[in-house]
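When we follow our numbering, the leftmost residue of the sequence shown carries the number 19, and every step to the right adds one.
Honestly, the hints are just simulated from the structure, not real lab data. Given the structure is predicted, the values throughout are model-derived calculations rather than measurements. Hints are not guaranteed to be accurate.
To be verified - Across the chosen pairs, the derived CB separations fall in these ranges:
| hint | residue 1 | residue 2 | range |
| --- | --- | --- | --- |
| 1 | Met19 | Val58 | 33 to 43 Å |
| 2 | Gly97 | Ser69 | 35 to 45 Å |
| 3 | Ala53 | Gly97 | 11 to 21 Å |
| 4 | Leu57 | Cys21 | 31 to 41 Å |
| 5 | Cys21 | Leu44 | 28 to 38 Å |
Where a beta carbon is used, it is the ideal one built from N, C-alpha and C, also for glycine.
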Amino acid sequence: MICIILQVFYAIFSGIMEAAAISNELCSFGSPFLALFCLVPLYIALFRAKSYLESFLVAALQILTVHVTSSLWLANFHGYAVFTLGASAIGTAF
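With the hints as extra help, turn the sequences into a complete structure.
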């Protein structure tokens, strides 16, 4: 059980680090230092996965986290936020 929780944490942490490494409003050039290390937690989680399905779900969670945290501006379309951010996040992850 703890192994699964750690894998989820590693995937989400890797996604947040990758989203912070992409150029954004806070840092116009992104963060090259974070870009060097953002995939290390994902690789650790994938290495500890026990099956291909578990690896797929960990990677999908990381991709979903990157998309949601780097595309928050899509939520400004209040009436259509579920379509712009929600549908694109699900489409990107799977």
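Which numbered hints fail = 1, 3, 4
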